[in-house]
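Novice: So you can see what is in the structure, the chains are spelled out below.
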Amino acid sequence: MKKITVSLFALSLLFACSGGQKGSQESNSSNISLKGSDTVLPLGQATAEQFMKSNPGVSISVVGGGSGTGVTALIDGNTDIAMCSRDLKGEEKLKLKEKGIDPVIKSIAVDALAVIVHKENKLEQLTREQIEKIFTGEIKNWKEVGGDDAEIVVYSRENSSGTYEFFKEHVMDKKNYASTVLNMPATGAIVQSVSQTKGAISYVGLAYLNADIKALKVSYDQGATFVGPSMESAKDKSYPISRPLFYIYDMKSEAKVKSYLDFCLSAEGMKIVESVGYIPVQ
Amino acid sequence: MKRFFEKFIEALIKTSGYTTSIIVLLIVVFLFKEGISFLGESPVEHSYTLIGHRDNPVNELKDLQIKNIFDGKISNWKEIGGSDQSLSHFELSDLTSIYGEAALGKDLEFTKTFAKKLIDSLPGALLFLPESLVKDAEGFKTITVEKITLVHFLSGREWFPTSKPSAVFGALPLLLGTLVVSFFAILLALPFGLAGSIYLAEIADMRVRNVLKPIIELLSGIPSVVYGFFGLVIIVPWLQNLLQLPVGETALAGSVVLAIMALPTIITVSEDAIRTTPRAMKEASLALGASHWQTIRKVILPYASSGITAAIILGIGRAIGETMAVLMVTGNAAMMPTSLTQPVRTIPATIAAELGEASFGGQHFKALFALGCILFLITLATNFMVERVSSKRKLK
Amino acid sequence: MIKFPEHVDVRKRIYQAIFFWLARLISLAIIGILIMILYFIFKRGAGVLSWEFLSTSPKEGMMKGGILPAIVGTGYLVLFSILFAFPIGVLAGIYVNEYALHGRVKNFIKTMTNNLAGVPSIVFGLFGMALFVNQLGMGASILAGSLTLALLALPLIIRTTEESLKSVDDSFRQASYALGASKLYTIRKVVLPMAFPNIITGLILSIGRVSGETAPILFTVAAYFLPKLPGSLMDQCMALPYHLYVISTSGTNIDQSRPVAYGTAMVLVLIILVVNLLASFARNYFAKKVKTN
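Chains C, F and E, in that order, give the protein sequences. Throughout the first sequence, residue numbering follows the working numbering, covering 569 to 850 in sequence. Throughout the second sequence, residue numbering follows the working numbering, covering 1416 to 1811 in sequence. Throughout the third sequence, residue numbering follows the working numbering, covering 225 to 517 in sequence.
In short, the hints are calculated from the structure, not lab data. Each hint should be verified, as a subset may be incorrect.
When the alpha-carbon atoms are kept at most 30 Å apart in a straight line, the in silico BS3-like pairs for lysine-lysine are as follows [unchecked claim]:
hint: 1; chain 1: C; residue 1: Lys-667; chain 2: F; residue 2: Lys-1562
hint: 2; chain 1: C; residue 1: Lys-826; chain 2: E; residue 2: Lys-283
hint: 3; chain 1: F; residue 1: Lys-1807; chain 2: E; residue 2: Lys-334
hint: 4; chain 1: F; residue 1: Lys-1417; chain 2: E; residue 2: Lys-413
hint: 5; chain 1: F; residue 1: Lys-1477; chain 2: C; residue 2: Lys-743
hint: 6; chain 1: C; residue 1: Lys-667; chain 2: F; residue 2: Lys-1448
hint: 7; chain 1: F; residue 1: Lys-1532; chain 2: C; residue 2: Lys-742
hint: 8; chain 1: F; residue 1: Lys-1448; chain 2: F; residue 2: Lys-1477
hint: 9; chain 1: E; residue 1: Lys-452; chain 2: C; residue 2: Lys-824
hint: 10; chain 1: E; residue 1: Lys-283; chain 2: C; residue 2: Lys-621
hint: 11; chain 1: E; residue 1: Lys-452; chain 2: C; residue 2: Lys-839
Please take these sequences and the hints and turn them into a complete structure.
Specialist: Printed below as a string of structure tokens:
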């Protein structure tokens, strides 16, 4: 028993020493960390996987948690690249400045934010004003917008999400969500819940659309024209709720992340963007 | 030499003995240092300020009022204690759209000029601008926001930690959500737990006990996230279908999952308490002609009552601190709990969901630590109660 | 002898029968709950388990491939957290039971240990993040995660050590002192070996507990996708409980990645099963050994 304990101890010490300081690991360009947006997550993972296949010496770690988590990690020096589905907030820009970080913001894809409801929901379209009122809690029943007499169940992301902020700023005219809105930890959970709750409504990135949920057509001109989210309508800007997806990194890390970033922006990278379900950038 | 070595080892042992106390102390220091520094801060976004007309009688506003103003729900100053004047709110982006980006200057250095212009033309305006852009400007009045106080934190009914211009930190819905889900979970678990422990301690024979005990140990060892997953894929849809609810992610789902999780704790501790009833008392009762069941009811249970109470409190403590399972099934809506078939948001789930976004040392970060303090205090209180109840028992 | 009238006797018996059957049913229901949980997880997870699942990294957005990095990550976290917690925990248990004989000190430490045992796992995560990740600058790493998990395991190990030491009859200690041995020697050669079985049982159960915890590792070490295995203590790693959490709530194809979630849940439950079985075997094996000794 003693022998086993001693050898186990020695083995683990060996392991620990072989690692060395975190500092030396960071300067080694073979470890890149991506952190942040749940919307960008599938894209980050797909490109990381592909990049690592052709660059076996590099290890890329991908962590979710929402755009806010990614930017915070960038500020606190805990990640190389922050995945972000919204613009930087004023106070984030200030904090970055305080820490001496010069952020480089690169758009690596475009997303069409879809407003989704249950498959069997009668509705096909809504105006921006109606959507705003539903999410702020002013409209509580589907019959108020032409649907069945049923309670509207609103799902949203957590306040760490870039999509949450983007939706609030651009679709809800900066108004706050109602307190009764359910907050799901990630987009996958939203899709899951909306697909099994008849009165549900929520918002997800284009890549998350699937056969179990229905995307509504949206009007930004008080009902004159309604457009649904798709690759085409996002490309030609006819769909009103589209947004760029970003990778944000410190100027100082440029050398470290350059080859991966170039890959993401290359033709092959753009193919991956399309296969994941987002719109490539030129 | 040997003496020295022995003294060294013994010193090591003594230090180790105090580790838990040191750790608890460290946790208290860290939690409360951040949590308390949270109080007394202004909830307005860091380095931004609110300005209004010089002659505006209002000096200070509450965070909830700011939220309602910028949500468009308040349109006249008289609603918040000012004069009868229409209230309009503006941000930096609004100034840009009104006067044009070029006018404000490349580095926004002319912001204060245009801000003054706006306020002079609209005396009821409320502007939300970065402090640095309107520093040293005259002709304005800074409107402060009421600082965060403990009472306000504990009694506020809305939780919007990332709201601009002013965050709203009202922890009451979170606190109530935590308590409601936990108490109801114990309510669900109690009959099962009590019956199970009585069965295990008094009625079951050796073979059954040897099967049941490991099963209960297994139930208590299953990780919280597995229960959460099980709740998410089985219990939420099942409840939704069974009770025809508009939404499946509810306090009820949370309580059901927590009840299953707290059950082993209640059973094991109660069973222990029942087992340690002195045989003499049991046999005396039986000798007097009471049936087994009467003995259990009138003699054993009252004797073990303090142990059973301890079990219940421990179960409550376990349920209150649960994170993952609750996060996945309760819907996390920060609303005042009025019914079990509505979603709730508990304190541990709030911390787990929001901590990633909170920048180290920032206000949101401190608010979450304040929540952690509340949780820790509840745990301390639970443990204290268990100790009181157990020591009363020892006196018997 | 007091003879009760007939009908009272019958009534007593009926009440007893009713309640006893109720108790049996309820206990059966409790077994039923466990069986139901195991059934759902095993039924949908068993199909996913394969050698490939356990030995390869996730591919194609978690829909294919396996969970090896998560298994390895959990392994490292368990190894290091127990490495930190076990020695200190045992020593602390020795102190409480063998040295702290004054009621006040002993009670104080026991209260503190109980308090630490009751602290919710998310508070450990909060504390671990503030202290290890940020204050001490370790960043999100296996080191920070293991230290946080060690804090969680510590009270458990202390408690089981203390109880196993308590169960060693005092006469053994007295006999050893009578023969002239020092206190430390007595502990080393007499008390510890006898308490060993229960201490090991406690250790095994702590391993089970630590491998399933999610909240403490959320912010201190866990990564969503990290196919390369961790090479040092300062790396992040994947972990089974965190993997289950993210697989069941994130990902663009929840339907297709659901089987992976069930597989992960099953692996976790299997670990707990194995741990519990090992603990019972250890208990029985050592109990026999001590008896024959």
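Novice: With reference to the structure, classify each hint as holding or not holding.
Specialist: Cross-check of the supplied hints:
| no. | hint | verdict |
| --- | --- | --- |
| 1 | C:Lys-667 with F:Lys-1562 | 27 Å, holds |
| 2 | C:Lys-826 with E:Lys-283 | 24 Å, holds |
| 3 | F:Lys-1807 with E:Lys-334 | 17 Å, holds |
| 4 | F:Lys-1417 with E:Lys-413 | 16 Å, holds |
| 5 | F:Lys-1477 with C:Lys-743 | 18 Å, holds |
| 6 | C:Lys-667 with F:Lys-1448 | 23 Å, holds |
| 7 | F:Lys-1532 with C:Lys-742 | 24 Å, holds |
| 8 | F:Lys-1448 with F:Lys-1477 | 25 Å, holds |
| 9 | E:Lys-452 with C:Lys-824 | 18 Å, holds |
| 10 | E:Lys-283 with C:Lys-621 | 11 Å, holds |
| 11 | E:Lys-452 with C:Lys-839 | 24 Å, holds |
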